[in-house]
Amino acid sequence: VKASLRPYQQKGYEWMRLLSEAGAGGCLADDMGLGKTLQAICFLVSEVEKEPVAKHIIICPSSLIYNWQQELEKFAPSVNTIVYHGGQRKSEQLQDDSTQVVITSYGTFRADAGNLLAIEYGAAIIDESHNIKNPSAQITKTIGALQANIVFALSGTPVVNNTFDLYSQLNVVLPGMFGSREFFKREYADAIDKFGDEYKIQALQKLTAPFILRRTKEQVAVDLPEKTESILWCHMPAGQRELYEHIKSQVRSSLFLDISKQGFAKSKLAVIQGILKLRQICNSPLLLPEEERQPVESVKTKLLMDELSNILPSHKALVFSQFSSMLDILAEECDKAGIKYYHFDGQTPPAKRAEMVSAFQQEGNEVCLFLISLKAGNAGLTLTAADYVFLFDPWWNTAVQQQAIDRTHRIGQTKNVFAYKMICKDTIEEKIIRLQEKKKQLAEDLVSADEGFVKALNEEDIAYLFA
572 VKASLRPYQQ KGYEWMRLLS EAGAGGCLAD DMGLGKTLQA ICFLVSEVEK
622 EPVAKHIIIC PSSLIYNWQQ ELEKFAPSVN TIVYHGGQRK SEQLQDDSTQ
672 VVITSYGTFR ADAGNLLAIE YGAAIIDESH NIKNPSAQIT KTIGALQANI
722 VFALSGTPVV NNTFDLYSQL NVVLPGMFGS REFFKREYAD AIDKFGDEYK
772 IQALQKLTAP FILRRTKEQV AVDLPEKTES ILWCHMPAGQ RELYEHIKSQ
822 VRSSLFLDIS KQGFAKSKLA VIQGILKLRQ ICNSPLLLPE EERQPVESVK
872 TKLLMDELSN ILPSHKALVF SQFSSMLDIL AEECDKAGIK YYHFDGQTPP
922 AKRAEMVSAF QQEGNEVCLF LISLKAGNAG LTLTAADYVF LFDPWWNTAV
972 QQQAIDRTHR IGQTKNVFAY KMICKDTIEE KIIRLQEKKK QLAEDLVSAD
1022 EGFVKALNEE DIAYLFA
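For what it's worth, our numbering labels the leading residue of the sequence shown as 572, then goes sequentially.
Hints in this document: simulated from the structure, not taken from any laboratory. Mixed in with the good hints, there may be bad ones.
With a Cα cut of at most 27 Å, we get these calculated DSSO-like pairs of lysine-lysine [said to hold, decoys possible]:
#1 Lys-996 / Lys-837
#2 Lys-837 / Lys-873
#3 Lys-765 / Lys-777
#4 Lys-946 / Lys-996
#5 Lys-873 / Lys-946
Whole structure, please, built from the sequences with the hints as guidance.
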């Protein structure tokens, strides 16, 4: 594996190996950001080396398929991996003898169970396994029918609502080990959830301890860098992708017509407007003018809400967007989900802003989320109570992004900070990042906003952005 593991990750990998050699699986339940994916990849690579002809499978939410593919390419380029998902999938790929790891989504697994269940796998990784916490759900039953020698579940939050959540995840990993549903409910779940029975809690902990490995950020803090930055790749669902491609081709035609008529220099404003429109679709189609809107879901909104439900309320998070209308949409989603938050943008009076910041920083305050407009909140604020930062949209100017992350990563911060840039795969957002890398020095010189960066682009860059 092309990676150096932190000590706790090495232990996690060794724990997986140890269980698998004993013929058992388990649940890796480390906090978000501690590298469960990397530990699982190390385990899969060791399985591939042990038996190169066996097939292994990773089942994850569709929004994480691309993350898995990227991480495998990065850390284990020699492993032959396929993505089996979406309309392009072909069952021949599964039969191909050279395929070593199959990545698929819960939805595809349920829809295409016939093909996927026909194969015997060496190892199976069930990512975000709280998706199978309901034993009566069709997806849980389908995954329960999986033929695999070893199954590992990964989840930062194995118990979402009650003890019973744990049962169906562990039952997939270690079938039959915890008795029937009725037995588990009677013996443990009812006693613990209804009566908080200490004796039963200890008995269940003792029974499950060998098979669940959970490390919190706090426990492994000495092994962690002060700040970890990574990209959360977002894979657009079909409706959002169609809308994006449709508007992209419209924008491209009118833009190149402008450029051919009045020259590149005079078309800069049209370029900025075109870029803006595509970035809005990446964030949420609801940001488009009413006549162009379509009722399609936003992958970023869904992924962010999933991530927040995993980390709140045991951690505090900041979400930055440069579109205040996007923050309004997120605020609405939080209201629906019952998540309390503070929210400010350029319109918030300074006194009100100071009041919210001071309340957020206080120990014991149960508001764990701050929605902040990038322009209004990237300077002079101290928000060290938060240890997770989500940049909802990429910003031309890397310095501005850095300032946003440094609201929480600064003097007074006692926790390790995780920062995530949310980027839609195969869109203008990914291209902005590539251009940022190419023109990093330029971006740092131009501390002005979008216009500065756009001024530095040439015709070739524009063609690339809208290709």
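Taking the hints in turn, this is what the structure says about them:
no., hint, verdict
1, Lys-996 / Lys-837, "30 Å, violated"
2, Lys-837 / Lys-873, "39 Å, violated"
3, Lys-765 / Lys-777, "20 Å, holds"
4, Lys-946 / Lys-996, "25 Å, holds"
5, Lys-873 / Lys-946, "24 Å, holds"
The earlier numbered hints that this structure contradicts are 1, 2.
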